[in-house]
Amino acid sequence: MSWGIKSAHAFSSPGRTPAECAAQTNLYEVDVGGVPGPKLDARLVELTGRRARRMGRFMQLAVTGAVEAAKKSGLQLPPARTGVFLATGLGNISDLFPFSHAVFGDPGFHVSAIQFANSVGNAGAFHIAQALGLNGPVLAVSQDEVSFEAALLQAVTLLDGGDLDLALVGAVDVVMPKVSDHLARLGLPPDAPVKLGEGSAWWVLGPVGADDHGVLEDVTLGFRSGPPGLFATRDFESGMNYAQSALYPTLFLGTAAPGETFETTARTREGLTGFTRVVKGAGRS
Amino acid sequence: MTLSPIAIRARSAVTGFGDTAAAHVEALKAGRTGLKATETSRGLGPLHAASMEAGLDAGERRPYVLIDTAVKALGLSKHELKESALFTGTTTGISASEEIVYLRDKAAGLPWQAAFTCGGQGRTSAYAASAFGIEGPCFTYTTACTSTAVAAVMAARMLRQGRIRRAVVIGIDVLMKMSLEGFRLLQLYSEAGCRPFDARRDGLMLGEACAAFVLEKGDGPVQLLDGAIHHDPGHIAAGSTDGITAAAVMADALKRSGVRPGEVAAVKAHGTGTPTNDLTELNALSVAFDGKPPPFSSLKSTFGHTLGASAALELVTWSWCAEAGFVPGTHGFQQRIAESKLVPLIEPTPLGNRRGVHLFNAFGFGGTSVSFAVEVRR
Chain A
3 MSWGIKSAHA FSSPGRTPAE CAAQTNLYEV DVGGVPGPKL DARLVELTGR RARRMGRFMQ
63 LAVTGAVEAA KKSGLQLPPA RTGVFLATGL GNISDLFPFS HAVFGDPGFH VSAIQFANSV
123 GNAGAFHIAQ ALGLNGPVLA VSQDEVSFEA ALLQAVTLLD GGDLDLALVG AVDVVMPKVS
183 DHLARLGLPP DAPVKLGEGS AWWVLGPVGA DDHGVLEDVT LGFRSGPPGL FATRDFESGM
243 NYAQSALYPT LFLGTAAPGE TFETTARTRE GLTGFTRVVK GAGRS
Chain B
7 MTLSPIAIRA RSAVTGFGDT AAAHVEALKA GRTGLKATET SRGLGPLHAA SMEAGLDAGE
67 RRPYVLIDTA VKALGLSKHE LKESALFTGT TTGISASEEI VYLRDKAAGL PWQAAFTCGG
127 QGRTSAYAAS AFGIEGPCFT YTTACTSTAV AAVMAARMLR QGRIRRAVVI GIDVLMKMSL
187 EGFRLLQLYS EAGCRPFDAR RDGLMLGEAC AAFVLEKGDG PVQLLDGAIH HDPGHIAAGS
247 TDGITAAAVM ADALKRSGVR PGEVAAVKAH GTGTPTNDLT ELNALSVAFD GKPPPFSSLK
307 STFGHTLGAS AALELVTWSW CAEAGFVPGT HGFQQRIAES KLVPLIEPTP LGNRRGVHLF
367 NAFGFGGTSV SFAVEVRR
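Protein chains in written order, with my numbering: chain A, 3 to 287; chain B, 7 to 384.
Relax, there's no trap hidden among the hints.
EDC-like mimics (lysine to aspartate or glutamate), calculated; alpha carbons at most 20 Å apart, straight line:
(1) B:K183 <-> A:D108
(2) B:K261 <-> A:D162
(3) B:K84 <-> A:E272
(4) B:K112 <-> A:D183
(5) B:K84 <-> B:D74
Keep in mind the hints are simulated off the structure, nothing from the lab.
The following block holds chain B by itself, in its conformation from the complex (with noise of 0.2 Å):
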């Protein structure tokens, strides 16, 4: 059966390295981390933490500044954004802002006034539709770490079913010290810094960032292919490491895409550089490239990272580098690990003459497990 096409049609990233393609492009191609320590006056303490500190001081607007950057980044007509859908992914959407609030007033010394107007995820696409005048139906994805690889599926079926004419995804994620803390609980947040399938990797850094994309039916550039939702069953915090359910959903990804694993220019890995995702992983991937995976890399070492948003921001951000001939590298790779023989990238790479087809992958708590193909025609 033959995909229609469906076009990525403009992207937009908003992080501590800017919010243009440039930016994003020189940072990745240098090889450059966007992780440093944390502003103490956000509360969070002198933390290695984010990836967003620098040149946003919006406050508890931060969430809400973030879309509005990235949502006009698009460059949508007003026509264009009213008759579009909207796909939002998201764990904590707008609701940072209370925390931040909180996190303020407790500083100063004031008492907690309670103010948890922000509501439920939902709330996020509701801001966003209504911030930007967007008429079409609105989801708003709380997969957790997958979200917007979801929202990114489920906008293509519903596009090629005729659902909708156009659908905005929308990934975002502001750093919490709830997030914070709760990995810390969970001895899953690395205090040392963060090193993608590295034998002495020991947990993830947080980022924060909103990124957005259009897709449409039709030709163009840079297409979405398919992608395959599953769930692995195994523990609501970590996948199963024999690498089952992921190897599985990255095959479906491809068969529904009309790839072979071996048309497969590059993987980007989810790569949170905890230790049972990378091992996970990496068995994966192996298994669903019969032992000789394409070349793949980690961008969570890189904007740390930004949960229900990273799917969002590492499609439009590798993309870009896509675009520009080149796959990021995975920062602070330095040893591989016993148990695989599988080693990422390490540096910015030239993609050569490969057919440009990309598997991006993401999982996460909750067991929802993601994997769809791009092409980057240059």
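Chain A with its partners taken away, still in its complex shape (with noise of 0.2 Å):
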């Protein structure tokens, strides 16, 4: 079975070594895909109203990611009918771990009941569905390097079953502010020879149509032995962030010619591997 891709849109940072990211004093207003700090949370305003006031960076990406994708498929979503499926390796640290740090007295951080609010799992799911006034099913899902393979099941089993018409799939992650405990997160030493990155990628995905942008010709996750890391049909400027395998097949997207073919492939260090294909399509996005 295939799925129809209405429309595709990404950030995507072009990476950093430890040490330049460390040389930020605040990593949440550097550029990631070209979109300065000020410059997205100007957009999220545009985009969602005085709503984004409260967010913190993982969640400005992930909403201003997918309410861009939404609006460029052109679509009515249909409120009960449309699914919102977020993916994330390491969920929301831009408000989890300020907040964190607040309770456990560290100095420099506050402690802030919205920061609580905002720091579960489906957070951002919750904001994105909220903008976009969607009452369907609303998931978050982790699953470390194949967490957006892990959404595009719940996804594809939900417009498989008839539950929905359409479903936002996106998959975001972000830099945790000390780059010594980002590293550490990824299970990497701290002098790791890796670029990082953050990244927000969503697809609007329905049934198979003549304009799609894409056609998801398949999915799947299943343990099978290799080695762990990103396999891709060509690769990106990208640092390296759990959302790659979302950004990857996106950024080829918005770039190839109709009819190419594009194969991604993420495996987890156990051995957890994620595998997508898609076709671009005669639709612009």
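Using the hints, build the complex out of the two chains.
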């Protein structure tokens, strides 16, 4: 079975070394995919109004990416028959960790009740649904490097079962305020030779149509032997983050010619392997 | 449309009452609560907080030990585990061990050596899959207090579509200072005692637990019929008190399950003991059941609110009680609230001869609202 990708939108960071990240006084002000923090704030306010004013970086990226994808589709999303499926490897760490530090009494952090409420796993999905006026299933799924594939499988299960007409599916991950903490959380040593990034990539999925931006031909998830990492038909300049298996096919769809195929394989350190195959469609997004 | 049957083949729960069905049925039949003061050694303060303090001295291994105990108790063979899919629901997962280390070191006057090596919540499924040789797809749901309710509904959908052969569903949450202080900040934590649906209710109390169950296609004495997942767009930390969303998800779950409202033997309410949740749910029960809901109870004053684990824990323990011929009462309830005519069951109550369909509710932060129906044959 295949599913139509009605639209897609992504923010992608070109990647910075841990040393470059550490030199930033505030990582959440760095450029992400050419959209500097203040510009992202402004766009978010354009898209959602004053709702955005209490959001941390993670939710800013989640809501902006999802709402942009929804708007690009040009579709009226039926409120009760559109699902929201938010995938994240590390979660909303831009609210969660400042809140943890504040609770533990670490200097420089202040406790905030709304920050606690916003730190729950589905807070980003909640704000997306609220911004778009949706009341169908709103889920949050976390599964390391294959979080996007896990979320896609939720979406296609409900689409195939007739529960939904459309699904807004995306992956979001951000860098923790302290880079050494972030590397530890990824299971990497402090001197790991990596370029870190942030990302938010979103698709509107539905039944296959003639004007689709692309077609999702396959999505699978299961344990397969092989090296951990991300393997794709071709690479894109994107700093390492757990949303990459969503970013790559999204970036492909933005540059490919109709009929081109793109395959992505992501594998965790334990061997849990996600696979997607998309074909560029005739539509633009 | 006739639903293909899905059996809940095995169940397990690890709480302060123990790790067997008999221990839980005995405690619930006696109307006991597991809530008691937290040991000060955990650095959480002398709080009336958790139901899981006794009998587990695992230090930072606490979440791992809970998962190990619950999954082993399912009794699946290595081959069965290998071909299973894993559906985990949690809010904090194994990352709770980081906080345990932090609090222990801080109490000992040691500097904090940050060790955020637990990763995101998905590491919880990654751990369980590795520890037990599960090779099917793994999903970790993080929809706050509805996490394992979502897991159960999605697992049933995937089984019926033939995407998976068997589902192992795990709910796990460990008491954390971060959660405790967060609920306090929101003025949702009761210092006096959790009293679901009571006029004097003033908040929830936290618990910790791990519960697990196995879903397979086929017949069995305990069946997961079907469920529904809706979204309440009102507020991130509170449902809409008119109960419209909560009533709609209950009605949808029953319709999908092929069950008429009058056929429901009892409702396992979400019943946190917070002012808004309980009023929302009472109004919703009234709407969904045309003013005459079946008997309903909350287990939050028995186990504490075990957050992402709560739906799994309450399904497992409630269905054990139903098999034993009764539904549990709501510990701590004394006085009906002014805004509703409904009152929960106070004492454990025999089921009699009513058809054994039970409706399970789960609501929570982030607006996800879930109901699902389970049939218990006796």
